[in-house]
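Peer 1: I would like the entire structure built from these sequences, with the hints used as guidance.
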Amino acid sequence: MSDLDVRAFGAVGDGIHDDTAAIQAAIDEGAQKGKAVKFPAGLYSVGELFVRKGSVLLADPSWGYREHGKTQLVQRYEDQVCVLNITDAFCCTINGLALNGMDMPGGCIGILARKSKQAHMEDSYRLERVQAQSFTGDACRLEHSWAFTVRHCMFASCGGDGLHLQDTVDGFILDTWFSGNKGCGYGTSGENNAITMSGCRVEWNAGGGIVIRGGSHYQLTGNYIDRSGRQGIYITTGMDKGNMTYSNTISCTGNLIYRSGKMSGTLDHPTADRRFSSHIAVEKAAGVTVMGNTLCVGRDDNGIGSMSPQVGIWVTDSRYCVVSGNTLFSGALEDIVVNLGNEESVIENNPGSLFDRKLVNITNVLPSTAAVTALFED
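With the numbering used here applied, the sequence shown corresponds to residues 1 to 378, in that order.
Treat the hints with care, as some may be off.
Mimicking DSBU-like on lysine-lysine, the simulated pairs with C-alpha atoms at most 30 Å apart in a straight line are [stated by the list, open to error]:
| id | residue 1 | residue 2 |
| --- | --- | --- |
| 1 | Lys35 | Lys115 |
| 2 | Lys284 | Lys115 |
| 3 | Lys70 | Lys182 |
| 4 | Lys33 | Lys115 |
It should be emphasised that the hints constitute simulated quantities derived from the structure, not laboratory data.
Peer 2: Okay, structure coming up:
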């Protein structure tokens with residue numbers, strides 16, 4: 001069964017012509033006939049596109065870390081809500097496309113699912129090898145969604161979060177970049193449950209790396225979290241219609257978190273809120289396990305900027321938590337662990353040291369081999 005080519009429906013792909021109607025016609029026919037819709041190389045200037053149930057959108061993923069690639073869906077109008085609306089697109093697959101918001105004002109979102117409540121069946125969205133970049137809203141936002149996968153994607157350089165979930169459950173987020181967003185790399189609101197996030201690179205996000213508000217049954221494993229503006233990982237309560245929802249039942253293991261708190265408390269700003277200047281912060285949560293993570297102080301690339309964070313791990317007002325077995329060699333500026341008001345929790349055995357200029361090569365930021373060797377010789 002051959003794919004449908006958007007050019008056969010009149011799409012031009014020159015970055016100037018309005019390709020919205022042509023591509024929408026291809027999507028509609030593809031869903032009706034059970035055929036994939038193929039995007040040859042081109043810059044497709046589009047308004048909001050509505051992805052249908054069972055749609056498959058395909059492109060060769062030619063995008064890179066600093067490149068939008070040869071096949072792009074480019075935001076056309078300042079007042080459009082999103083580029084790809086997948087709200088009713090049960091069992092859809094989006095593979096290989098690059099979405100470019102052009103930093104256009106208006107808060108447009110790259111990929112959006114917006115429901116008032118969860119549907120009667122799993123949404124089963126599949127986002128594969130997708131780049132969403134330079135939107136003034138979130139790169140991707142899923143509201144009241146049920147069952148999704150995000151794999152090998154890149155959500156970057158947006159005015160909101162890289163990926164934001166609101167009241168969304170049952171998701172896999174794997175091997176994905178979250179880079180340079182003004183919000184969080186990954187952020188939540190409402191109740192978000194049963195999420196696995198593994199093997200992701202979460203870096204240079206101003207609002208924090210991974211921020212979970214009101215989440216439960218999470219697995220955060222093997223992620224690299226670098227130079228967050230606030231906490232590398234922040235687990236706290238969520239507020240939904242005036243009711244407090246406690247984050248709980250979360251496993252945070254095997255992550256490497258480096259130079260967090262860039263914008264929230266450094267040697268040059270000692271009066272800033274230390275709660276936000278930490279690698280990992282757990283507040284008003286229950287049943288959270290934080291084990292086997294590796295945390296380290298740092299500054300910007302090329303040896304510029306301020307060192308951060310002030311605190312390695314911050315745990316307050318939480319219950320039934322275990323924070324143990326984390327390593328923090330040169331892990332913080334002022335406190336390895338802050339432990340305040342926690343009940344029936346085990347917070348111990350987190351070996352580490354405060355940042356020491358004598359042990360760290362200031363130019364390269366990382367501890368020098370000679371400095372580490374000297375520790376053992378002493």
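Peer 1: Now, for every hint given, state plainly whether the structure supports it.
Peer 2: How the hints compare with the structure:
no., hint, in the structure
1, Lys35 x Lys115, "holds, 26 Å"
2, Lys284 x Lys115, "holds, 28 Å"
3, Lys70 x Lys182, "holds, 26 Å"
4, Lys33 x Lys115, "holds, 26 Å"
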